[in-house]
Amino acid sequence: VTTLEALQRSLEAEHAAVYVYGALGAQTSRTAEPALSDALLAAYTEHRARRDQLTRAVSDLGAQPAAAAPAYALPGGLVRVEAVRRAALELERGCAATYAWLVASSAGTRRRWAVSALTDAAVRELVFRGTPEMLPGADEFADR
Amino acid sequence: VLSGPRSVPTRRTALGGALLGLGALAGCDLGSSSERPSGRGASAADPDAALVDRVVDELDELTALVRRVGSRFEVLSVPMTALGSLHAAHRRALAGADEAPAGTGTATVRLAGPADALGRVRVREGQAQRRLVDWSVAAESGALARLLACMSAGVAQQLVVLPRGVGTRR
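Taken in order, these protein sequences are the chains called Z and F. For the first sequence, the working numbering begins at 1 and goes up steadily by one. For the second sequence, the working numbering begins at 1 and goes up steadily by one.
Some hints here could point you the wrong way.
Claimed, not checked - Per label pair, the in silico range of CB-to-CB distance:
#1 Z/Ala49 x F/Gln127: 23 to 29 Å
#2 F/Ser77 x Z/Ala26: 25 to 31 Å
#3 F/Gln127 x Z/Gln53: 24 to 30 Å
#4 Z/Glu33 x F/Val75: 45 to 51 Å
As the list claims (entries may be wrong) - Which chain F residues face chain Z? A few, computed with CB under 7 Å, are given here:
#5 Ala89
#6 Ser136
#7 Arg146
#8 Cys150
#9 Gln158
#10 Val160
Said to hold, decoys possible - From chain F, some residues computed to sit far from chain Z (all C-beta separations above 12 Å):
#11 Asp53
#12 Arg54
#13 Arg67
#14 Arg92
#15 Arg110
#16 Gly119
#17 Arg122
#18 Val123
#19 Ser141
#20 Ala149
#21 Gly167
Rather than coming from a laboratory, the hints here were simulated on the basis of the structure. For glycine and all other residues, C-beta sits at the position ideal for the given N, C-alpha and C.
One chain only, chain F, in its complex shape:
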């Protein structure tokens, strides 16, 4: 598994903007739950900065996998495009940009055939969905927790419509 160039300051800055937008929509400080006051901001002391980086790296890996599967197996191009669009939208919401850096992703994964590739995507997306739940729970900021939970729900929906096998619709 390869990791792309890190861009921590950009992500933090973009996240701060995204979360400020969410707070304005809510008309309240969502980061200040009664159970765990957050006091977060887009600063060097941001307790969620490392978490955001992990999520973005996860999205970049998923994007690389579904792109590779979709380009190698035409029969899977439609569902892989849908998943790619999902991850791009999530990256955009989280980090302000939907493109992963060049060279990011699962370059060493071998794909035996479309069925094997589809199975790998299903397993990997399911793993990501569970991780997003855990990351949502771990987030200090309520607004970030909400965004990660919605991302997890989006992946869960895609897993429902993802074909069970090659040549089947669900």
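Next comes chain Z alone, as it looks inside the complex:
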């Protein structure tokens, strides 16, 4: 996997994250669930920033950044608060795994940026009631 390919995959993941977080936020009552609503908004803002940074990184390599899809599949049952939390948690786990591969396929300052993005996603998992993992982003070690 080249650095450019890994960057494009990360960008595609962030496009999906921005879309899904938008949907999760729309499903969440700010009055009934203020803490969850704030957490979703913060995550949405962070993923938008990461998406923009990735777009610039791809452009800097002389390539056309991957475009967002018109829509992304949403998990079912989002009328329930727990389903929203679960969807956000799974989203962060997916982003952590994607950024872990970007770490493997990059070097220098770009790798450092990927480590930071991986760590942010791993820590955000805890906001959505995730539990600490031994190696966030590396599922092949999950049962060790």
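Keeping the supplied structure of chain Z fixed, place chain F upon it in accordance with the hints.
Just chain F now, kept in the frame of chain Z:
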């Protein structure tokens, strides 16, 4: 700070196996990024061998510290056990064994009380987390860089759930 017996050949051999496994999972040679071809392997010329040794030594020191704190202050036994399990899992993933050699660790650190001990653990774990980031960036092998980055993220998660003070949950 005491250092345990060195076991370089074992670590290199185990690392080579671990990284081969990661490469197979990825279906590609992760060590060959377009920015920095690695060409690494579990050989005497392995550019990452010394780095792996440093990481294992760091894990052994952390393990010794959290074991000592957990056994001396019962109120901290639960979070120290969690940290100990984390470091053991990291050592296992990196070097193929989760036990540090006998005599390894921070034997000379004085712990004034549970609050002081907790503070020392927090500072030391935070330092380790930053070092893992630096070591990830320094690694020649992409697969090793990924593993070290995931280890750093695991420590970052534990720092979030580590109690802020004795008798508090976070």
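Each hint tested on the structure:
1. Z/Ala49 x F/Gln127: 23 to 29 Å: Holds: the Cβ-Cβ distance is about 27 Å, inside 23 to 29 Å.
2. F/Ser77 x Z/Ala26: 25 to 31 Å: With a Cβ separation near 44 Å, F/Ser77 and Z/Ala26 fall outside 25 to 31 Å, so the hint is violated.
3. F/Gln127 x Z/Gln53: 24 to 30 Å: About 27 Å separates the Cβ atoms of F/Gln127 and Z/Gln53, which means 24 to 30 Å holds.
4. Z/Glu33 x F/Val75: 45 to 51 Å: 34 Å, violated
5. Ala89: The hint holds - F/Ala89 has a Cβ within 7 Å of chain Z, the shortest such distance being about 4 Å.
6. Ser136: Holds: closest Cβ of chain Z sits about 5 Å from F/Ser136, inside 7 Å.
7. Arg146: 4 Å, holds
8. Cys150: This hint holds: F/Cys150 lies near chain Z, its Cβ roughly 4 Å from the closest one there, short of 7 Å.
9. Gln158: 5 Å, holds
10. Val160: 5 Å, holds
11. Asp53: 20 Å, holds
12. Arg54: 17 Å, holds
13. Arg67: With a cut-off of 12 Å, F/Arg67 remains clear of chain Z, as the shortest Cβ separation is near 18 Å.
14. Arg92: Contrary to the label, F/Arg92 does not stay out of reach of chain Z, its closest Cβ about 6 Å off (not over 12 Å).
15. Arg110: 29 Å, holds
16. Gly119: 20 Å, holds
17. Arg122: 15 Å, holds
18. Val123: At about 18 Å from chain Z, F/Val123 clears the 12 Å cut-off, so the statement holds.
19. Ser141: 9 Å, violated
20. Ala149: Given a closest Cβ separation of 4 Å, the condition is violated.
21. Gly167: It holds; F/Gly167 is separated from chain Z by about 21 Å at its closest Cβ, greater than 12 Å.
Violated hints, listed in ascending order, are 2, 4, 14, 19, 20; each of the other numbered hints is respected by the structure.
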